[in-house]
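Undergrad: When you get a sec, could you build the whole thing from the sequences and use the hints?
Residue numbers (our numbering), protein chains in the order written: chain A, 1 to 658; chain B, 1 to 255.
I should point out that these hints are in silico values taken from the structure, not numbers from a laboratory. The structure displayed is predicted, hence computed values, not measured ones. From the three backbone atoms N, C-alpha and C, an ideal C-beta is built for every residue, glycine too. Keep in mind that the hints are not guaranteed to be accurate.
What the hints assert, rightly or not - Computed, partial: chain B to chain A, Cβ under 7 Å:
{"#": "1", "residue": "29"}
{"#": "2", "residue": "33"}
{"#": "3", "residue": "35"}
{"#": "4", "residue": "55"}
{"#": "5", "residue": "62"}
{"#": "6", "residue": "195"}
What the hints assert, rightly or not - Subject to a maximum C-alpha distance of 30 Å in a straight line, what follows is the list of computed DSS-like cross-link-like pairs (lysine-lysine):
{"#": "7", "chain 1": "A", "residue 1": "367", "chain 2": "B", "residue 2": "7"}
{"#": "8", "chain 1": "B", "residue 1": "247", "chain 2": "A", "residue 2": "525"}
{"#": "9", "chain 1": "B", "residue 1": "14", "chain 2": "A", "residue 2": "510"}
{"#": "10", "chain 1": "B", "residue 1": "97", "chain 2": "B", "residue 2": "175"}
{"#": "11", "chain 1": "A", "residue 1": "529", "chain 2": "A", "residue 2": "542"}
{"#": "12", "chain 1": "A", "residue 1": "577", "chain 2": "B", "residue 2": "175"}
{"#": "13", "chain 1": "B", "residue 1": "54", "chain 2": "A", "residue 2": "213"}
{"#": "14", "chain 1": "A", "residue 1": "525", "chain 2": "B", "residue 2": "16"}
{"#": "15", "chain 1": "B", "residue 1": "175", "chain 2": "B", "residue 2": "153"}
{"#": "16", "chain 1": "B", "residue 1": "175", "chain 2": "A", "residue 2": "404"}
{"#": "17", "chain 1": "A", "residue 1": "213", "chain 2": "A", "residue 2": "253"}
{"#": "18", "chain 1": "A", "residue 1": "529", "chain 2": "A", "residue 2": "299"}
{"#": "19", "chain 1": "A", "residue 1": "515", "chain 2": "A", "residue 2": "502"}
{"#": "20", "chain 1": "A", "residue 1": "372", "chain 2": "B", "residue 2": "153"}
{"#": "21", "chain 1": "B", "residue 1": "54", "chain 2": "A", "residue 2": "525"}
{"#": "22", "chain 1": "B", "residue 1": "14", "chain 2": "A", "residue 2": "404"}
{"#": "23", "chain 1": "B", "residue 1": "14", "chain 2": "A", "residue 2": "213"}
{"#": "24", "chain 1": "B", "residue 1": "85", "chain 2": "A", "residue 2": "404"}
{"#": "25", "chain 1": "B", "residue 1": "54", "chain 2": "A", "residue 2": "556"}
{"#": "26", "chain 1": "A", "residue 1": "515", "chain 2": "B", "residue 2": "11"}
{"#": "27", "chain 1": "A", "residue 1": "200", "chain 2": "A", "residue 2": "633"}
{"#": "28", "chain 1": "B", "residue 1": "16", "chain 2": "A", "residue 2": "577"}
{"#": "29", "chain 1": "A", "residue 1": "304", "chain 2": "A", "residue 2": "529"}
{"#": "30", "chain 1": "A", "residue 1": "510", "chain 2": "B", "residue 2": "54"}
{"#": "31", "chain 1": "A", "residue 1": "299", "chain 2": "A", "residue 2": "351"}
{"#": "32", "chain 1": "A", "residue 1": "351", "chain 2": "B", "residue 2": "7"}
{"#": "33", "chain 1": "B", "residue 1": "175", "chain 2": "A", "residue 2": "359"}
{"#": "34", "chain 1": "A", "residue 1": "515", "chain 2": "B", "residue 2": "16"}
{"#": "35", "chain 1": "B", "residue 1": "11", "chain 2": "A", "residue 2": "404"}
{"#": "36", "chain 1": "A", "residue 1": "525", "chain 2": "B", "residue 2": "213"}
{"#": "37", "chain 1": "A", "residue 1": "577", "chain 2": "A", "residue 2": "556"}
{"#": "38", "chain 1": "B", "residue 1": "54", "chain 2": "A", "residue 2": "529"}
{"#": "39", "chain 1": "A", "residue 1": "14", "chain 2": "A", "residue 2": "651"}
{"#": "40", "chain 1": "A", "residue 1": "394", "chain 2": "B", "residue 2": "153"}
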Amino acid sequence: MSLDSKIPAGEMDKKWTDYKGHVKLVNPANKRKLEIIVVGTGLAGASAAASLGEMGYRVKAFCFQDSPRRAHSIAAQGGINAAKNYQNDGDSVFRLFYDTVKGGDYRSREANVHRLAEVSNNIIDQCVAQGVPFAREYGGLLSNRSFGGTQVQRTFYAAGQTGQQLLLGAYSALERQVALGSVTMYSRHEMLDIVKIDGKARGIIARDLVTGKLERHFGHCVLLCTGGYGNVFYLSTNAMGSNVTAAWKAHKKGAYFGNPCFTQIHPTCIPVSGDHQSKLTLMSESLRNDGRIWVPKQKGDTRKGVDIPEEERDYYLERRYPAFGNLVPRDVASRAAKERCDEGYGVGTTKMAVYLDFKDAIIRYGKIEAGKTGNEEAAHHTILELGKAVVAEKYGNLFEMYEKITGENPYEVPMRIYPAVHYTMGGLWVDYELKTTVDGLYALGEANFSDHGANRLGASALMQGLADGYFVIPYTLGNYLADEIRTASIPTDHPAFVEAEKEVSERITKLMSIKGNQSVESFHKRLGKIMWDKCGMARNAKGLQEAIVEIQELRKQFWSDVRIPGDIEEMNPELDKAGRVADFLELGELMCMDALNRNESCGGHFREESQTEEGEAKRDDANFSYVSAWEYKGDSNWQLNKEPLTFEIVKPTQRSYK
Amino acid sequence: MEHYNMKLTLKVWKQKNSNTPGNFETYHVSDISSEMSFLEMFDVLNEQLITEGKDPIAFDHDCREGICGMCSMYINGRAHGPWTKNTVCQLHMRAFKDGETIVVEPWRAAAFPVIKDLMVDRSAFDRIIQAGGFISVNTGNAVDANSLPVDKKDADTAFDAAACIGCGACVAACKNSSAMLFVSAKVSQLALLPQGQPERETRVLNMVTQMDKEGFGNCTNTYACEAECPKGISVANIARMNREYLKAGLKSEAK
Chain A
1 MSLDSKIPAG
11 EMDKKWTDYK
21 GHVKLVNPAN
31 KRKLEIIVVG
41 TGLAGASAAA
51 SLGEMGYRVK
61 AFCFQDSPRR
71 AHSIAAQGGI
81 NAAKNYQNDG
91 DSVFRLFYDT
101 VKGGDYRSRE
111 ANVHRLAEVS
121 NNIIDQCVAQ
131 GVPFAREYGG
141 LLSNRSFGGT
151 QVQRTFYAAG
161 QTGQQLLLGA
171 YSALERQVAL
181 GSVTMYSRHE
191 MLDIVKIDGK
201 ARGIIARDLV
211 TGKLERHFGH
221 CVLLCTGGYG
231 NVFYLSTNAM
241 GSNVTAAWKA
251 HKKGAYFGNP
261 CFTQIHPTCI
271 PVSGDHQSKL
281 TLMSESLRND
291 GRIWVPKQKG
301 DTRKGVDIPE
311 EERDYYLERR
321 YPAFGNLVPR
331 DVASRAAKER
341 CDEGYGVGTT
351 KMAVYLDFKD
361 AIIRYGKIEA
371 GKTGNEEAAH
381 HTILELGKAV
391 VAEKYGNLFE
401 MYEKITGENP
411 YEVPMRIYPA
421 VHYTMGGLWV
431 DYELKTTVDG
441 LYALGEANFS
451 DHGANRLGAS
461 ALMQGLADGY
471 FVIPYTLGNY
481 LADEIRTASI
491 PTDHPAFVEA
501 EKEVSERITK
511 LMSIKGNQSV
521 ESFHKRLGKI
531 MWDKCGMARN
541 AKGLQEAIVE
551 IQELRKQFWS
561 DVRIPGDIEE
571 MNPELDKAGR
581 VADFLELGEL
591 MCMDALNRNE
601 SCGGHFREES
611 QTEEGEAKRD
621 DANFSYVSAW
631 EYKGDSNWQL
641 NKEPLTFEIV
651 KPTQRSYK
Chain B
1 MEHYNMKLTL
11 KVWKQKNSNT
21 PGNFETYHVS
31 DISSEMSFLE
41 MFDVLNEQLI
51 TEGKDPIAFD
61 HDCREGICGM
71 CSMYINGRAH
81 GPWTKNTVCQ
91 LHMRAFKDGE
101 TIVVEPWRAA
111 AFPVIKDLMV
121 DRSAFDRIIQ
131 AGGFISVNTG
141 NAVDANSLPV
151 DKKDADTAFD
161 AAACIGCGAC
171 VAACKNSSAM
181 LFVSAKVSQL
191 ALLPQGQPER
201 ETRVLNMVTQ
211 MDKEGFGNCT
221 NTYACEAECP
231 KGISVANIAR
241 MNREYLKAGL
251 KSEAK
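TA: As structure tokens, then:
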């Protein structure tokens, strides 16, 4: 099958307007007859379900959590970008578009990114109208901050809880539609397969996680808003339940998977403390605005951080990248930390951490504060007091969280941080309309691949989730559904539903009947270790080839020796987890294949074979300026399709942060 | 931070489903590191139970960073355990000593029926939001965000109320199983903002009616909810909701 990205003709800044002006419409009376299934209720899913419900469609929304308000969008800390230019500092739709394409290391689709930048402003308006309490200035207007090293202040925020506030806004819009009867909400439900009739997605098989019973649900189309797959690494900043299952089932039913190896490793997370570790916690990127990152100059130094004198510290980011220093992009900062630790300079008990130190910031702010009151000769301890107060106002909640987890006070001793898996830029391949390669099947938000290329910029994930749900899908879906108005609802006793349910049921029975000796968790941990060691921050052909064999072997063991307690028809979290880990065991292999195929370094994907003499990532536009869209052909068998990327506006250059 | 290992005895509520009565089971765990989170200690226990061929303990959890509101354990008589302004997932084992016995129960409230073991059904909270916890603005209807200035103090107070994670600890901590802190946090957030004015009166009346219908108890001002709230939501919100309710009630009677 050839890939048609359906990018509208015309100039870049007119494409979306032209598209909207010519797209097919569905009249209100017909909307009432059309049913839409939305899987996942994070920012993308909740905003899509609410907006489509408001338009008059009949929507069914599904989430595995006990309430749509729990989706992992809620954990986003820093903020959401928009090209409002409220700060009068030269921002524009074009600049946001440009920064996003460049930040993605020229592996995203220009037309999609331009549309994202265009609708970014509507998102802020919509959220404010819903009562989202963004930070404000004393004049009552919205406040902005800079983020991720951009040169303009375009990030809107609500303290360190921006994701929470945006999700609760979308959730309230969704619950309003539930009350009005246009959306039916199915929480504690997990989608376990797509139902296809005559090549079109026509429904899903879902499992009620409380009763364990399988259900059939019809829809004229299906929207997957199911987030990313970072948990394939076992340890990540994702929620425990975040999984690839819905996207993976869609993939096996014909949806191509785009750029699966593009993973974002975030540089500032709390390090692993031991084998018991179940997840990792992010510390907002904003900390790098004031914190300085360092390791001891001496290998294997066992002294405490505070006991190491200034001249024996290596501020390696400032040394390697004098122009950007501690504010280099996420991928660069992460690799530099790994390099130091691999060389034996790491700190803490595990030696897999670097310091993020606020001592200088505390003194600097303390002196400024003392100066404000004319107390130029303030004693050192007074300066420290004053400085700590300033740092507390900026980062107090993060410092508290750090102390709860580690038991160390970051006002007194440097924080220990290490990179962790955070976001997946890859996902289901979609065209300009967010449609996958299966007719009637759409993917929104982190679940699709389209907007972030090989590296996502800070404060862009929230923007994309809400753009897709509030402002893109309400238009593009109509273009498909306009041709579906003659399709009556298909009863779920249709053979395709019966067959799909049977397949799901057989797989569950098979899992339960293995009755082996090893827990689901133990398999997940081993898979995570393979992925992290060989398909993590740095990748090479030999390691990836080994990983593929190891994953195949592990998958075989899983299907012959996993132990799942309990029964099928009851609340059984171990069974839920087993299904998800089984899918991760297949996805992991594809990620390694994709990473092996892409013999270039770009964004978060670093192939050791493709680097400059100074050890920086080297992109290869001549050979790899394409999206890898993998087609499932059976067990361990995929065909690579390529969508060539052309850049009309933002001409690719090698990124440099020296 | 110096860390240590401990042996612990756990008395945990086990209940097959909402139709079957439950009881406490006693478990023993060892080599629990003080660096583990409380839920990681449960992970260790569950792995042990699975290895022994026993039934693991079901509990709700998701983000494990204190923001999704899914985790919900009543530990040694306190919602979310011994630390203040904290969720179970952020509680760490250095809060306990070697040899201790820890009692773990689900949220106890008529409006939160037990689903299994430590999991409860909190869908009543969703239905209260459905009754009015929103501003009726369809997508695409919004005016420019800065056309509506909001007094910074009101915006900050609204934000403090909006920090609620909907975990239900306030209900679990209250001797009357009252949901007043949860409901008042949403009523306050929207009453404080200019966007929330058009539906201000119907909102509070409808949300309180739904709250009563769900079977939550009354507020008797013991402030246990505020003390146990992981996000420090203030009882001042309850006072504000009472005022809002009274005003709205008088106005609707006058109509």
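Undergrad: Looking back at the numbered hints, which does the structure fail to meet, lowest number first?
TA: 1, 7, 8, 12, 15, 33 and 36
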